[in-house]
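Colleague: Throw the hints in and build the complete structure from the sequences for me.
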Amino acid sequence: MRKGWTRYIFLIATVLIVLLLLNTKWLPSFKNMFKQQPVTIENTPILIKEINELAQLCTITAFDEVVADSVVIKIKTPIETLLPDLSAFGNLPITGKRIVIIGKGKLIAGVDLKKLNEQSIFVHGDSVSLLLPRAEILDVIMNPSDFETFSETGEWSSEAVTAVKVKARKKMIDKALQQGILNKANTRSIALLENFLRGFGFKKVTVKTVG
Amino acid sequence: MYKRYIYFLFCLVAACHTAPVKQEQEILALREINELVTVEYIVNKIIKASDDKTWYKIGDRKILMTCEATLKAGIDFSAINAEHIQINNKQVTLTLPHATLFSVSIKPEDIKVAYEEIGAFRNSFTTQERDMLAAQAQKQIQDSADSLGVLQTAEANASLFASNFLRNMGYEKVIIQFGNTPVKLN
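Quick note, the sequences are listed as chains A and B, same order. So for the first sequence, this note's numbering puts the first residue at 196; every next one is plus one. So for the second sequence, this note's numbering puts the first residue at 916; every next one is plus one.
Worth flagging that the hints you see were computed from the coordinates, not collected in a lab. Honestly, I wouldn't trust all of these hints.
Derived lysine-lysine pairs resembling DSBU-like cross-links, with alpha carbons at most 30 Å apart [said to hold, decoys possible]:
#	chain 1	residue 1	chain 2	residue 2
1	B	Lys963	A	Lys362
2	A	Lys299	B	Lys977
3	A	Lys230	B	Lys1054
4	B	Lys1022	A	Lys370
Modeller: The following block contains the structure:
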């Protein structure tokens, strides 16, 4: 009887110790024991290559998500026909590889105020007139953290993957242009600069875009 | 008894898990912004990583990549209003908001794999893994924006641009200052 009690006390004590160690992170959980350790990069120095002076008035940003893919298909060699095909083409006489990437990013549009010159602004008494350059796409941001590889079969070189990502970026630009981002950026730039010039006390403010 | 005891412990440890984190729904759309970008820094960085931390994997993997990033900074244009402008005949004082870092961008074509060493029992780095390494580099570059002096250059350029713009408007003396406190009107 006494031996039985000792066993139960020993069991409860062990459970409590395990729980305590798990809670205080002293003991790795069973799940983490076989978890792949993350690969971290070293803190290497950053080298400044260029410093450019800009004057870009960014007025509209378009957030978007696009899908881009690439497929390479070839006829199986006699040896390949004998081997099991893992590329989802099964028993077909062709084989190949495929990559599908989801890219998320943002596109920024606005006007490049560096294109302004002395003739772009005209002041007469309490009136001011400003001729702005037309809005353009100033930046497309699609960082490595914005890409997700949805499906990848076969060996893809980093250059081939880059080509798919560039395709995704082009898709995003096309979509934004179809949405009329440049017209919206023009309108917004005019409104912003009109407001800015009114701050200087001008009664009549005219802001127009070239063309 | 001991078998039951070990089985019970195994179930207890295996059942331990963390609660899933709730993710907010992201909305992608067109948004209005008011950023005056005044500087662009183009920087280079070497991405160096070794995959040798997982104890049960036989052999190591090493990768060396180069990347080029663009950092853009400037001022919030919408923060400038009549309260920030003081005019006295041909003299104007403009108070601009302090510069902020607007973006860090690494184009896909600016990431290049320079060297890869793969152990006999290991697979080469996947696209997703390479992207994750580049994302870490992006974070390091973003964190070092202060030490690179991006914001100081952005303010200097903003000051220069505003001075030229106001001189073109006919003001002879232009004073540009930075701060959140607007210029007091007379």
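Colleague: Hint by hint, say whether it matches the structure.
Modeller: Each hint, compared with the structure:
1. As the CA atoms of Lys963 of chain B and Lys362 of chain A are separated by approximately 27 Å, the hinted pair is consistent with the 30 Å bound.
2. Annotation: proposed proximity of Lys299 of chain A to Lys977 of chain B holds, straight-line Cα distance about 28 Å (limit 30 Å).
3. Between Lys230 of chain A and Lys1054 of chain B, the direct Cα distance comes to roughly 24 Å. Compliance with the 30 Å bound is thereby established for this hinted pair.
4. With a C-alpha separation of about 19 Å, the suggested pair Lys1022 of chain B and Lys370 of chain A falls inside the 30 Å cut-off, and the hint holds.
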